[in-house]
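J.: The lines below spell out each chain.
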Amino acid sequence: MIVTTQNMIDRTRRTYYANYPSDDSTLTDNEILLHINDAVAAVITKQATEGYQLTGIMSVPEGYISTFTFTSLIKDNDTGFYYTTIPHPPIGLSGNSGVESVFFSGFSGTSRPVLYVSPREVDYFRFMPSHPMAAYYWIEGTTLYFFSRTNLPSTYKLQLRMATHVTSDLNAPINVPPDAIDLVYKLTLEKLVQRKGLAGDDIVDSRDK
Amino acid sequence: MLAENQITRFVKLTTLVTSYIDESRQTSKEFRRLWALAFRGLTDLGLDVTWTPKQTLLKVNPNLTVDLPIDYIDWVRVGMFNASGELATLKVNEQLSSYKDKSSARLSSLTSEIEANITNPDTPFWYGYWGDDDYEHYFGVGSGLIQPGECKVDAQNMVIILNTDFQYSNVLVEYISSPIMDDDYSVDLKAQEAMIAWLRWKDIQSLPSTRLVNLGEKRDRENQYKIQKRLARKRLKPFRLQVAEQYSRESEKLAVKA
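From first to last, the protein sequence lines are chains A and B.
Using my numbering, the first residue of the first sequence is number 1, and each one after it goes up by one.
Using my numbering, the first residue of the second sequence is number 1, and each one after it goes up by one.
Be aware that a few hints might be false.
Unchecked claim - Computed cross-link-like contacts, SDA-like style, restricted to lysine to any residue with a CA-CA straight-line distance of at most 25 Å:
#, chain 1, residue 1, chain 2, residue 2
1, B, 202, A, 113
2, B, 29, A, 90
3, B, 29, A, 68
Claimed, not checked - Label-pair restraints from in silico Cβ distances:
#, chain 1, residue 1, chain 2, residue 2, range
4, A, 143, B, 215, 35 to 43 Å
5, B, 216, A, 152, 26 to 34 Å
6, B, 12, A, 150, 17 to 25 Å
7, A, 179, B, 236, 46 to 54 Å
Since the hints were derived computationally from the structure, they do not count as laboratory data.
Glycine included, C-beta positions come from ideal geometry on N, C-alpha and C.
One chain only, chain B, in its complex shape:
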């Protein structure tokens, strides 16, 4: 349990707005306007820096699509659990058709008139190398990763489209979700200064340059915001020697040089 007056990991949006009002020597009469600006800043920072992706396991529909969660904003990874409990990604295939992807008759509507296997040299499980009982290499086809299926996200219809011979009943989706407010929105402590810098900038951005602020001031505040945003990103994803060493060692290998 946190002690009284202990700094918490998250700061309320109201606290940040009030901090800026205090810093700029304005009054609470500006609170409504600044809170609306901060809300936009929350989205700007959230999409680029602060919102942490969450993972959810979703059922595959009989028509081989997956309904995206209601709080979906953008996807990060789509895949499934492997035997080690990791997320094994699906191959992203932008050629998968979104035709009738909300319909239960999707699969029967996707009848191909082209001879089978001419456009799809892969089996569902292996790409490029695997024949019936041995490996073979198709000329001009990249090796690809070992991936258990294909997908394409149709954000407009809020579904993930899977390949027509997808074999599994669940898909693990990692996605950016829209935040839910309880009594107020929260901002990560590491992005606190970025949010205040956003308010500093947006507070004056739309003022005519004849009133109190000049173009230089606006540009300076914009730059400050960008610097603080970059700093927030570094704070949220810091450089860790342990991880760097790991990448460094794993990238060293004995291999034939082309």
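Isolated chain A (complex conformation):
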């Protein structure tokens, strides 16, 4: 059975309340989703790190990868850099493995990869020998910058393949490999159970018990 994010939310809530939640339950979908997102990010890191220990190669399992398309590429006239906003900061894996690749589309086919520059290389990479046909990108938080020696045609789109722990469609299959779903579920529940176990002042009527 394909598991959607909504399935995960419902399953978590049902376990949390040990049955179907009543109408006055205060645990919202958004709160559970927040914990699921955090759990997915933690599981990505765990699986990538374990894979690295086995193979010596840092890479994210395919099940977490999504491709995002950006049509709004803005040029900053002060710096000459283009930029666009990405859905979330990349997952902070070593070797900058949170992002798989960046390339252009919007014409017949795709460009060669836009070359990655780490933030510590931004100051000097343009003064080094470099491939003249290449464009370069780096990321600061949720802003993806890129440098191109030529002006980009307005029809160009930017494609970003990255590991993602969020979804915009709760009814779409969750971006988690099947073998990791149980781990995500356990981590999510662990956070919620901790919350449930916190001592509180129960003077408000109908507070969850």
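Fit chain B to the given chain A structure using the hints.
T.: Coordinates of chain B only, in the frame set by chain A:
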């Protein structure tokens, strides 16, 4: 015309960088750094092994110097055409002065205060043996080759200096030129493995030995590069029996043994 998928004589630098990324199971995120390393490797291999000298005919300036081409890196031979269409070399004379060699007044600035012919026992055409109408031998002067003039390369000022009584209007220069990139640099197929071995070595050379690599690994990769470089040189200048036989036969002669 080459057929589709036919192996070409030159490989793009990008292809070699990508081959190494693939081999070492890295990602395209390392491409920028590795391409910059490969560029240095291109120079290292080029200067020692792969860059083929090219010849160009240059005009002699009125001040008896020759401007070196803009893409000059290092010279191999300086000379002129002989009657057989071969390159006849000039004598390299490091004593030729580079004084005012960029000036049009170079020749008039080189006035000697020493009596003529004391320091120069040669005529412009023959060295050591030729007098006015017969051969004579100057004691202590080597025989030399039969060469039509003298030269000295002043790389700093990008000129070739010729002797002050140089008689000709053109000089043929064989030199290593800096490569020009079109869409990418190209590496001779025979040096492909040397370039990849360079990347293997340089990729880890500056990593502290506490991180992933040890000193032995670094030394081993360096040695591998040297082996591959030597192999590339042999591939580019292979042993050919025909040439070897020629050298062997030409070196045999009847001569008085001193």
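J.: Hint by hint, note whether the structure agrees.
T.: Do the hints match the structure? See the list:
With a C-alpha separation of about 23 Å, the suggested pairing of residue 202 of chain B with residue 113 of chain A holds against the 25 Å cut-off. Our distance criterion of 25 Å between C-alpha atoms is met by residue 29 of chain B and residue 90 of chain A, whose separation comes to about 14 Å. Note on residue 29 of chain B and residue 68 of chain A: the hinted pairing holds, with a Cα-Cα distance of about 18 Å set against a maximum of 25 Å. Range check, residue 143 of chain A to residue 215 of chain B: Cβ separation about 41 Å, and the 35 to 43 Å hint holds.
At roughly 47 Å, the beta carbons of residue 216 of chain B and residue 152 of chain A sit outside the given window of 26 to 34 Å. A hinted range of 17 to 25 Å for the beta carbons of residue 12 of chain B and residue 150 of chain A is consistent with their spacing of about 20 Å. Under the hint 46 to 54 Å, the C-beta atoms of residue 179 of chain A and residue 236 of chain B, about 52 Å apart, fit the expected range.
The structure does not agree with numbered hint 5 stated previously, though it agrees with all others.
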